[in-house]
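Following the hints, position chain B against chain A.
There are 2 protein chains.
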Amino acid sequence: MVLNSNRVEHFSGGHDTAAITISGDAMPPLETHEVCLPPPRTTLQKLRQRLSEIFFPDDPLHRFKNQTLFRKLLVGLQFFFPIFQWATNYNFKLLRSDVISGLTIASLAIPQGISYAKLANLPPIVGLYSSFVPPLIYSVLGSSRHLAVGPVSIASLVMGTMLSETVSYTEEPILYLQLAFTATFFAGLFQASLGFLRLGFVIDFLSKATLLGFMAGAAVIVSLQQLKGLLGIVHFTSKMQLIPVLSSVFHQRNEWSWQTIIMGVSFLVFLLTTRQISMRRPKLFWISAASPLASVILSTILVVCLKSKVHGIKTIGHLPKGLNPPSSNMLYLHGPYLALAIRTGIVTGILSLTEGIAVGRTFAALKNYQVDGNKEMMAIGLMNMAGSCSSCYVTTGSFSRSAVNYNAGAQTVVSNIIMATAVLVTLLFLMPLFYYTPNLILAAIIITAVIGLIDYQAAIRLWKVDKLDFLACISSFLGVLFVSVPLGLAIAVGVSIFKVLLHVTRPNTAVLGNIPGTQIYQNLSRYKEAVRVPSFFILAVESPIYFANSTYLQERILRWIREEEEWIESNKDSNMKCVILDMTAVTAIDTSGIDTISELRKMLEKRSLKLVLVNPVGSVMEKLHQSNILESFGLEGLYLTVGEAVADISSSWKAHS
Amino acid sequence: MVLNSNRVEHFSGGHDTAAITISGDAMPPLETHEVCLPPPRTTLQKLRQRLSEIFFPDDPLHRFKNQTLFRKLLVGLQFFFPIFQWATNYNFKLLRSDVISGLTIASLAIPQGISYAKLANLPPIVGLYSSFVPPLIYSVLGSSRHLAVGPVSIASLVMGTMLSETVSYTEEPILYLQLAFTATFFAGLFQASLGFLRLGFVIDFLSKATLLGFMAGAAVIVSLQQLKGLLGIVHFTSKMQLIPVLSSVFHQRNEWSWQTIIMGVSFLVFLLTTRQISMRRPKLFWISAASPLASVILSTILVVCLKSKVHGIKTIGHLPKGLNPPSSNMLYLHGPYLALAIRTGIVTGILSLTEGIAVGRTFAALKNYQVDGNKEMMAIGLMNMAGSCSSCYVTTGSFSRSAVNYNAGAQTVVSNIIMATAVLVTLLFLMPLFYYTPNLILAAIIITAVIGLIDYQAAIRLWKVDKLDFLACISSFLGVLFVSVPLGLAIAVGVSIFKVLLHVTRPNTAVLGNIPGTQIYQNLSRYKEAVRVPSFFILAVESPIYFANSTYLQERILRWIREEEEWIESNKDSNMKCVILDMTAVTAIDTSGIDTISELRKMLEKRSLKLVLVNPVGSVMEKLHQSNILESFGLEGLYLTVGEAVADISSSWKAHS
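Protein sequences, first through last, are from chains A and B.
Every letter in the first sequence is one number past the one before it in the UniProt record's numbering, and letter 11, counting from 1, is 11.
Every letter in the second sequence is one number past the one before it in the UniProt record's numbering, and letter 571, counting from 1, is 571.
Isolated chain A, as found in the complex (with noise of 0.2 Å):
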């Protein structure tokens, strides 16, 4: 099988064909190689390698190679917990960023935990409880430096609609409670075994374009429903689709309060000048960071001031003082709403989970430091199993604060203990003054923040380069406007895989040419320089071959040669006597393709036309030579490259004839 010689020589022209001849001038000789089966494994073997790249893609234990036992443990218990990996060099250079990191997120923790609590429709006081115990649990288990604990919009609004379209908080205040430490329980318990499994890759199953849609379409909502407050309605739906918030908000006109209006919108205002401009000047974030506080002190001094004189603008209240009650006797374990509270913790455990992992992996990216999905998942879920039980509800890593204590310029997860400790003064000794706080600033805080969520840019971009991302976006945002919010994230995951299916099921096949003086064969309809090889019909599969396109591609490539032959027969050109089949993007073929192949080559034998594969990769090869359809290929029906099929079986043509 070796060609002595063989030149390639240049033609000029597009389409043309008639561009090689093997002539007898000097060049190095050319081999034709064999294609290899890749290292013969056992099925085990196989099987292990396997599972290894589904479980454990990152080799977690490659810290532990050639380590004395010593070294060994110190390793594992860095590896369980992360803070011995910087608790030895910690110094006080780090203790002072860490402490201003800590005192700006507090300022903005403790007004937005009161905020989402009342967006799942919890008592405001589980938001500050919820923003004390997380946070020092994360500080020890958790491995990204940046991450800043606490309650978040998006799950806050998903387990308020889920728990409250069954369960209403105002008529059994009790019950609701159960229910929403009982599926925080859960979504702790569902992330911490997702991690525990390294089945951290379920997340990957939502988008960034699924996510996007989702968050923007959440936004628009929670925006929508915070009018109640905004506008000082007392009578409101607790449905969340576009239609009924919109219908409650303008068939309760009655009961807006032009006062309540007033104050809102200013301060609202207010609290959206001063995110504009931290937006523009990234290095006066503590002006959006401290407005939030700052909106929440002079709206509850405006409240006592003006109290004589203004009525209608409703305040939150008496909060008790002193810390988190042990909740544990509340998990409701058996009765009719177990299915709900395990439905609410796994959908609120998920987004959570995506929100935690993808702001760590963010900030990691930053700073150029690697953060391990699956143990984050674990730190985050066992975070929130114990929240559970000390009268915390669902919490993660929250985008906005995370991205204030980075610009804040935090070391460690100390700036999280920090913030806990500033939460726990303000639950032992300040909750009295919250009394006056106006439920308004509330929900000028929710919007401000929410708001961010809605992305149109990133939207427009997506439309620009993947029209089937922009379809997962816009169903997510639409599913959950106008259906659910589960089953908005349902249609959008949904919409993800259809769209992996329809790549495979209807994969791209195209005709390739030589570029002219190389051995490359490439797209002919895409590189306007190369040209036909006259004889020989040489097409590329860019897909595995599966059940799922077999049938498709077996078609396909049957009216490619119907196509060509066609074009042949008006161009009174050279029979084609072969078909090439270009097998290098064929990553993978189960028992249908082979069947496919074996019958294409069937049916092109009774064409007198010869099929030869070109480069199939090692599993694909393997595979073919276990169906001992290899065999009727023979020696000249497998080569490593198009070149060196067409130069052998050319120079085969040519002693025969």
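Misleading hints may appear alongside valid ones.
The list makes no distinction among identical chains, and a pair is therefore deemed to hold if it is satisfied within one copy or across any two copies.
Said to hold, decoys possible - Simulated pairs of lysine-lysine, DSSO-like, Cα-Cα distance not exceeding 27 Å:
#1 K367 with K93
#2 K72 with K375
#3 K577 with K367
#4 K208 with K602
#5 K464 with K602
#6 K577 with K528
#7 K602 with K367
#8 K283 with K602
#9 K208 with K46
#10 K367 with K208
#11 K283 with K606
#12 K610 with K367
#13 K65 with K572
#14 K93 with K606
#15 K208 with K606
#16 K606 with K375
#17 K577 with K65
#18 K72 with K572
Quick caveat, the hints were computed from the structure, so don't treat them as lab data.
Chain B alone, transformed into the frame defined by chain A:
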């Protein structure tokens, strides 16, 4: 970007590094070729092309190109009624073959029709009705020449199961019949719509592996159920799972009738023997084709002769004479059972469609003609819709009868017309003859027919070639045996889709090395002669880069680089300076994938490593361009082949040093 001279020198040794030296010898100049964008197309053009690939991959209108108006009309007529394609060339010789094969399949169709109707818990006469009208309609519309149309075991079984779980034929015969005809109507409507909307690819999701397991499971259940007839049991479960069926058999031992058992087993042995003979010698196909009718005649005569002496052998009893009565007034289009009828229709519709299409394709491939899947679906669908209005239940192309038809020398669908005529004669004149036909013979015929569906050798082949295909097969087998028919099918489809997603979620990556003396770069672990290229790290990604794998790929690539760096350190090799990603097999990318590439570039840049992309396919190139990340790669970040990238970057390093 033109390299004036370079040479890739040979180096012996397996995994050695240091293989490439750039020297100034005489070699033809190697140009680097620009990576082209695909020709620009508007969104509308792209959408149109995409839709035409999804819905019209076979380009059904190509027949109409460049034809006169008259020819176009004729071709159109032939397109919708394939009968016009062959009717003009039909001659006496063809007719003779068709008459022989038609009578042969009639002798099989009559006993099978009666038996399969019993399998669906329908009166036996419905099976004969279903062998009369649908074949006539198919002969006008269908494009397969060898398909023998009529009731089939799987669809009968599934319809019987699904309906009997809610409605009992013995208690509410009219309602049961109504539901059966309605389910048939919806099956036809569903099939015709799939064809009309060109959604035929839906049935591709039932992979061969899945069907193999499903049919084997169904065959086991059906065979065990036939023990009712074969043992003469009166009280039998209507459930379809293994356990209730087995317990029915053994708990009703007092009902076993020895006369039935002796006669049944003898005929079963006779039928199985003739089947074996025909399988060993395909020329003797007529032995197994004629044996069911022979058994029916023989057993009926036996019962007539012995009826005064032997009791306990149950017979078919009275069957009404006459043609199919109209049943369009029996369609059940509103009421509590409508959902059941629709569900049953869709499941039986999809199963019978799969069988019909697969059988049609099999025999078309043998005779080297094409069957148009979407058109076949319309034909089968319309024939079932018409059937539902003329007292027929679900029919399709049967594998066993089509094989007999093919072996008996059928040339066109006229054999179906002959068969229908034979059934017509039976319906009009011969019905009283079946009065004494024993039920046990029907059970024996069903067992003989379905036992061929258990193809354990194919399952062994699956295990050898593709473990995940085997898993899909075994899970549909067990699902059908222990859970239920539709759920077993759903599980199997789930496994198949999971397999596709698994491949997408955890794609393969391979380190490439140069095969000395060539421009070929191949997998180092597979090609022992390939050698590492110093200062370069060349990685091939073998999958689209999607949301579902972008996180994994990023981590995996970083791990590859970490391991390579550790290897370099321990081997005191020259430092890694450039990472080349071979994108040949990256057949698609989405926005998450683009972000991954861009983040990877930034992360590598921080470690002073250069990232280079090689040979992105058209659609990937387009998206990289639209998202503006190509610019950040610059001129020296994108090459057409790995060889060009290595040569050009090495020479630029030389120039700078």
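If you test the structure against every hint from before, which numbers come out violated?
Violated hints: none; all satisfied.
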